[in-house]
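Following the hints, complete the assembly by docking chain B onto the known chain A.
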Amino acid sequence: MSPKIKIATTSLAGCFGCHMSFLDIDERITALAEVVEFDRSPLTDIEHCGPCDIGLIEGGVCNSENVHVLREFRKNCKVLVAVGACAINGGLPALRNFVSVEECLLEAYRDGIGVDNPQIPSDPELPLLLDKVHPIHEIVKVDYFMPGCPPSADVFWTFLSALIEGREPSLPYELVHYD
Amino acid sequence: MSGTLTIDGKTIPFAAGQSVIEAARCAGIYIPHLCHKPGYAPHGSCKLCTVFVNGRKTSACTYPAAADQNVVSDTPELQQDRLRLTQMLFVEGNHFCPSCEKSGNCQLQGVAYHLRMLDNHYPHFYPQREVDASHPDILLDHNRCIFCNLCVRASRDHDGKNVFAIAGRGINKRLIVNSASGQLKDSDISIDDQAAQVCPTGAILVKRTGYQVPIGERVYDRQPISELALGKEDNHER
Numbered sequence: 002m003s004p005k006i007k008i009a010t011t012s013l014a015g016c017f018g019c020h021m022s023f024l025d026i027d028e029r030i031t032a033l034a035e036v037v038e039f040d041r042s043p044l045t046d047i048e049h050c051g052p053c054d055i056g057l058i059e060g061g062v063c064n065s066e067n068v069h070v071l072r073e074f075r076k077n078c079k080v081l082v083a084v085g086a087c088a089i090n091g092g093l094p095a096l097r098n099f100v101s102v103e104e105c106l107l108e109a110y111r112d113g114i115g116v117d118n119p120q121i122p123s124d125p126e127l128p129l130l131l132d133k134v135h136p137i138h139e140i141v142k143v144d145y146f147m148p149g150c151p152p153s154a155d156v157f158w159t160f161l162s163a164l165i166e167g168r169e170p171s172l173p174y175e176l177v178h179y180d
Numbered sequence: 005m006s007g008t009l010t011i012d013g014k015t016i017p018f019a020a021g022q023s024v025i026e027a028a029r030c031a032g033i034y035i036p037h038l039c040h041k042p043g044y045a046p047h048g049s050c051k052l053c054t055v056f057v058n059g060r061k062t063s064a065c066t067y068p069a070a071a072d073q074n075v076v077s078d079t080p081e082l083q084q085d086r087l088r089l090t091q092m093l094f095v096e097g098n099h100f101c102p103s104c105e106k107s108g109n110c111q112l113q114g115v116a117y118h119l120r121m122l123d124n125h126y127p128h129f130y131p132q133r134e135v136d137a138s139h140p141d142i143l144l145d146h147n148r149c150i151f152c153n154l155c156v157r158a159s160r161d162h163d164g165k166n167v168f169a170i171a172g173r174g175i176n177k178r179l180i181v182n183s184a185s186g187q188l189k190d191s192d193i194s195i196d197d198q199a200a201q202v203c204p205t206g207a208i209l210v211k212r213t214g215y216q217v218p219i220g221e222r223v224y225d226r227q228p229i230s231e232l233a234l235g236k237e238d239n240h241e242r
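Protein chains in written order, with my numbering: chain A, 2 to 180; chain B, 5 to 242.
Warning: the hint list may mix true and false statements.
[Stated by the list, open to error] Derived Cβ-Cβ restraints for the label pairs, each shown as a range: (1) B:Gln84 with A:Glu104: 55 to 61 Å; (2) B:Lys61 with A:Ile114: 54 to 60 Å; (3) A:Asp112 with B:His162: 45 to 51 Å; (4) A:Gly51 with B:Phe129: 33 to 39 Å; (5) B:Ala137 with A:Glu48: 43 to 49 Å; (6) B:Gly174 with A:Thr45: 38 to 44 Å; (7) B:Gly214 with A:Pro122: 34 to 40 Å; (8) A:Thr45 with B:Gly43: 54 to 60 Å; (9) A:Pro52 with B:Asn74: 34 to 40 Å.
Hints in this document: simulated from the structure, not taken from any laboratory.
On a predicted model such as this, the values are computed, not experimentally measured, just so you know.
In this text, a Cβ means the ideal position worked out from N, Cα and C, and glycines have one as well.
Next comes chain B alone, as it looks inside the complex:
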């Protein structure tokens, strides 16, 4: 099935099998997102892409596009929701951008810039999760993980390795490594894997590659995420 739907009053085409967010991207309309990535199975955890479809709130990344849908995305109410969701992600982890190697290239930060987030609004959790620096080439800082599951999906669906999983419940949920020791050094991951590259935050970092791009030339220094996310998706990473 294909046809047209409207987003914020604009009529756009969609192809069979596309989700609302994919149809929007093809038509050059940015809907903020963190856990969605073209070519990856949808996940629906970050909730930033929440839109109204025919008057009902839903995730644009999991909702199938259909003929004559009325999608509403760019409203002050939805942007405010997105701001609060992003602030929740910031206080849940330890996002100290001034000392993070991903700063300037981080999608969480890029989305926050797009939303003009000036503060974190909520009290901070200051979680104390162990950093896994066991792997010779890859660092895992659990305190920056936003549970988008992209590394889980990358490893399972694209690398064929199944290195990562999410374990635990509620606020105690955490990213785990599927090795006998639970450490990254005892897993099959390598730096060429999509799982090592896909993290939208500074949770999974390739060692000895930090601070190589001058300030002013980093990804989101040059162009806002709202424009980059509509381009070739490869440009959107790292």
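For reference, chain A alone in the conformation it holds in the complex:
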């Protein structure tokens, strides 16, 4: 039996919706589990991404920790896939690109309704926000893109089936959506 294909997944500035849509492949996940093994992922307990065949990235890049994680994935994954609208173009979180980070933070932590002990969190444990939200292809090279907000389960299935079987992935018209 050939060794299992290793897949790592992560959510950067994502909503976990792409991961949920991935799980929408339903019982097909048992067939997938026959041929793949999951490395670092919100679905496993593995803390750092090791050498992998495929890395699935959900979410754009909004803070310094996202940059570190994204680079770790790029370093370890042979094939890196931008999953969903956020990873591809920043997505709806990139609507904050029209407001300064300072204004955003002040609104949420000082001036917002019902804020207790108003101050912008400044513990060094917390990653700093970037001034803008970026798609992941502006930080690292991306090999494939799966559009959608989220991509449907069939998009995941079609894409992963092709990658696992060593074919070039392609989506039929019905599966290409940005919303």
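Relative to chain A, chain B alone:
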């Protein structure tokens, strides 16, 4: 003058005064386009309809059809150019389809689907243009405008109102409203105008009409733009 020309090796007829894209449409051949609309003066800004005519690249919407022309449209090279042009339009604006009322009914998105665009390729501009929500019935989101000039042509040539114009140069060019305040509420536009209906993207929207069509039944959910654009053009809008 009328006669025949060939597109991608197929011989088709053309009528006097037709452009290459019009002759192609009448013959059931789709050439991708955004700024072209039958019945409207040609504009030639989106460049998606670029084809080879007798070996030279030109816009099919502005080029007059002529006898014995050899037109080449459906090649990997031209489709790749069209893909890159569409990606340029996407990064130049803020096309966040997941929250746009036009999603599913948007020609920019429809063309991108047709070209199997999976990503935006280029770094994003994230422009910060003010949204004009001043009008009681019509919303103007400048960040989705692709400068196709259809609203300008609709208002000037069809509604007889001259509500819109394009001002500025280069990347700073923008759609402006011809009213003293520059706001839509002080213009003559009304929701029945072609100018309020013609926008191929979500830049000009009629308020309180969004999200009324279920997903799966929107224009480009049902049929690809390549087929719709060849039908009765009315079906192609909204």
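Hints and how they fare:
1. B:Gln84 with A:Glu104: 55 to 61 Å: The hint (55 to 61 Å, Cβ to Cβ) is violated, given that B:Gln84 and A:Glu104 are roughly 41 Å apart.
2. B:Lys61 with A:Ile114: 54 to 60 Å: Holds - the Cβ-Cβ distance for B:Lys61 and A:Ile114, about 58 Å, lies within 54 to 60 Å.
3. A:Asp112 with B:His162: 45 to 51 Å: 48 Å, holds
4. A:Gly51 with B:Phe129: 33 to 39 Å: Given about 37 Å between the Cβ atoms, the range holds.
5. B:Ala137 with A:Glu48: 43 to 49 Å: 47 Å, holds
6. B:Gly174 with A:Thr45: 38 to 44 Å: 50 Å, violated
7. B:Gly214 with A:Pro122: 34 to 40 Å: 36 Å Cβ-Cβ, so the 34 to 40 Å window holds.
8. A:Thr45 with B:Gly43: 54 to 60 Å: 58 Å Cβ-Cβ, so the 54 to 60 Å window holds.
9. A:Pro52 with B:Asn74: 34 to 40 Å: 53 Å, violated
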